[in-house]
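**Student:** One line per chain: the protein sequences are A and B, in this order. Mapping the first sequence onto my numbering, position 69 (from 1) lands on 69, and the numbers just tick up by one. Mapping the second sequence onto my numbering, position 175 (from 1) lands on 175, and the numbers just tick up by one.
Source of the hints: derived by calculation from the structure; they are not laboratory data. Every clue listed holds true.
Computed spacing ranges between beta-carbons, pair by pair:
| no. | chain 1 | residue 1 | chain 2 | residue 2 | range |
| --- | --- | --- | --- | --- | --- |
| 1 | A | S71 | B | R49 | 49 to 59 angstroms |
| 2 | A | I39 | B | Q13 | 57 to 67 angstroms |
| 3 | A | Q35 | B | S34 | 31 to 41 angstroms |
| 4 | B | V215 | A | M24 | 44 to 54 angstroms |
| 5 | B | E487 | A | L63 | 37 to 47 angstroms |
| 6 | B | V52 | A | Q35 | 20 to 30 angstroms |
| 7 | A | S14 | B | Q13 | 43 to 53 angstroms |
| 8 | B | R446 | A | M24 | 52 to 62 angstroms |
| 9 | B | K276 | A | N45 | 43 to 53 angstroms |
| 10 | B | S369 | A | E66 | 47 to 57 angstroms |
| 11 | A | A82 | B | K242 | 12 to 22 angstroms |
| 12 | B | Y277 | A | S71 | 18 to 28 angstroms |
| 13 | A | M24 | B | E191 | 46 to 56 angstroms |
| 14 | B | A41 | A | K51 | 40 to 50 angstroms |
Bear in mind that the values here come from a model prediction, so they are computed numbers and not experimental data. Glycine included, every Cβ here is placed at the ideal spot set by N, Cα and C.
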Amino acid sequence: MSLFKKNSEDNINSAFQTLIIVVMLMFVFITYVWQRVMIVEVGYNIERLRKEKAEFSRRNAELLTEVASLSSLKRIEKIAAADLGMKRPEKGSLIVVREIRLPQVMIGEAEKDYKLTKTELKGLNKPRS
Amino acid sequence: MDDRKTAERFSKQAKVRILLLAIIIAVGLSAGVSRLFYLQAIKNNDLSRIAVRQHQKTVVLEPLRGTIYDRKGRILAVNLDVESVYAVPSEIENSHEAAKRLSRFLNEDWRVLEKKLKSDKGFVWIARKIDPNIAAKIKNENLEGIGFIKESKRFYPKKELLGHLIGFAGLDNKGLSGIEARYNEFLKGEEGFVVLERDARGAHIFPSSGYTPPVKGKDIVLTIDESIQYICERELDKAIQKTHAKRGIVIGMDPKTGEILAMAVKPSFNPNEFIKYAPGEWRNRIVSDPYEPGSTLKVFVASAALEDKVATPSEPMFFGEDKIDIDGEIIHDTVKEKGRLSFRDVIKRSSNVGAVRIGMRLGKERLYSHLKSFGFGEMTDIDISGESKGILRQTREWSKRSIGSVSLGQEIGVTPIQLITAFSSVANNGWMMKPYVVSEIRDEDRIEKKVYPEIKKRVISAETAAEMTRILTSVVEGGTGEKAAIEGYRVAGKTGTAQKIDSKTGLYSDKYFVSSFIGYAPAEDPQIVLLVVIDSPEGAGWGGSVAAPVFKSIAEDVLIYLNAPSTNEERVLMVNPVRKDVPSEIDPLTGQFSQSFIAAGFSNGVKRE
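Working from the sequences, and respecting the hints, build out all of it.
**Tutor:** Listed below in structure tokens is the structure:
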């Protein structure tokens, strides 16, 4: 009787072990398949984004080129003269106003009057590049 | 008994059948195993290759060619993705109809297209790198067997502007002319590749087993300023139109650095459509074509004489004669002056006799040596391909007349780049700078190579250069170059009128001239040197009346653009107006200084210097 019982327990244990092994193998297999599916899906996404990026880059280059074409000085001058009725400044109507260095004698006054620091005055007196 | 026999017979038959079945199975299995062995062991490599070919595709990734910018970062050449049209002839049912419909958009004979569409090849190009609008129209036609591929095409947004300097790149994005060819190694970049896996529907899955990204070409920054270039081209166009000249060039250079600021060659060509022009029209004549400079060469003869102290500026060099005899060879003068002319006035009035006399004072060896020192007869080494070294013959090859001819700018061939480089050394206190057009090579935002100004040598002393500036200023202030004078600026320059050789007679022509003017401004602190050369203008063709006004028109605008100090400008102290702690100095409506500023010592709003 006990021998039969022992055999029966062994069989149950053995079946249980087999089941666990089968489940584990299935888990590993499903995980592997799931990973593969995810990789492929992410791959598709990357490919779609890559295409999108390439399209944006292409469009950006197109727009930059369009800006370069539209800012052609020949075109601007033509529009200014023909469409906007602009003309070149006549003699005497163009006055060039130029920044000059602050005379040395005035540095003290400027420092006092405008509360400019020495560093600011130095910047002010920087020669033109 | 019968039953036993029957049973035995059946048993025998069954055995035979079983045996037969076993044999069939064995043969079938053997065949299967053999086939497997054949596929797996013998044909393994070939079949693997076919499978890889079906599942994977290696795509070459074309690199983006570097961009070319002007000195202020304005785009001059850039790459764009455009469509190319191809056909799969086997998929086209009615090639005649397809060819006719394609020819409407592609400006190509339908018969040529039909021949392509009937080809027995699997793939044929129909048109490459076409206009996007045309591509869109063809797409709308939905033609069977016609497909599109994106390819990178070089595009020059400023069209004709700077065409000769920039040059162009061909269909394969290889630089073929100009900067595009010279700097192709930097601009071209490196190809990349990607191995793409394809699914059952042919869609790409990324990433795959291999991906090497393409490396974008380096960007090039030129010393050219687009605004100055435009002004030069605009004024040159006007001059050529007005004088009906054959061609013309203008070149602008910063004498202190050797940077080329503008380089205009007319007739121009559009690099976007280079194929429409004859190859001769692509040539950058500024570096490749020597010409006889005429009187502009007198500047160097005079500089040499002053440098070697064989003459003084006030010394008489012309005594009212209209010709000079050099060992029986007669050279005529165009100056009709009865009295004497000093050395200074010889240059101011551009006297031939006076210039010959200065040349003879120097002697042929010293004259040759100085001209060589100014860089004539050798290349300037500017970074543009196709440079000519011009023509400066050895003195042993000179005839009796040569010393006179060379002193007048004949019997010598100079390229415009040689002339402006030499002249710039006079403007730059005697220092000759190496001319260059590329200032930076960039890798994305990083400067990979920066080109700095390079001193070639000292050609004349600072004293000689200063004296020459005084003499050249007198040319514009009352001399032959009066029409180059600009209000508010002192200009130093020299005119040139060179007779061209008549190809029929082989003699100097009385009808065709090369008119030129070379000068710099402001004379006391030169910001730019400009050379204007007009080839075969209609009429007398004097440099002073044809080229000098062009110089004036260009320099007037360029000097304001460059913010060059003028003698008649209003000079005021400007304090940064956006600063809140500093009072606004000038009332925008009245143009007067604010009270606080007047209190600071500026009594009249505007202070003149």
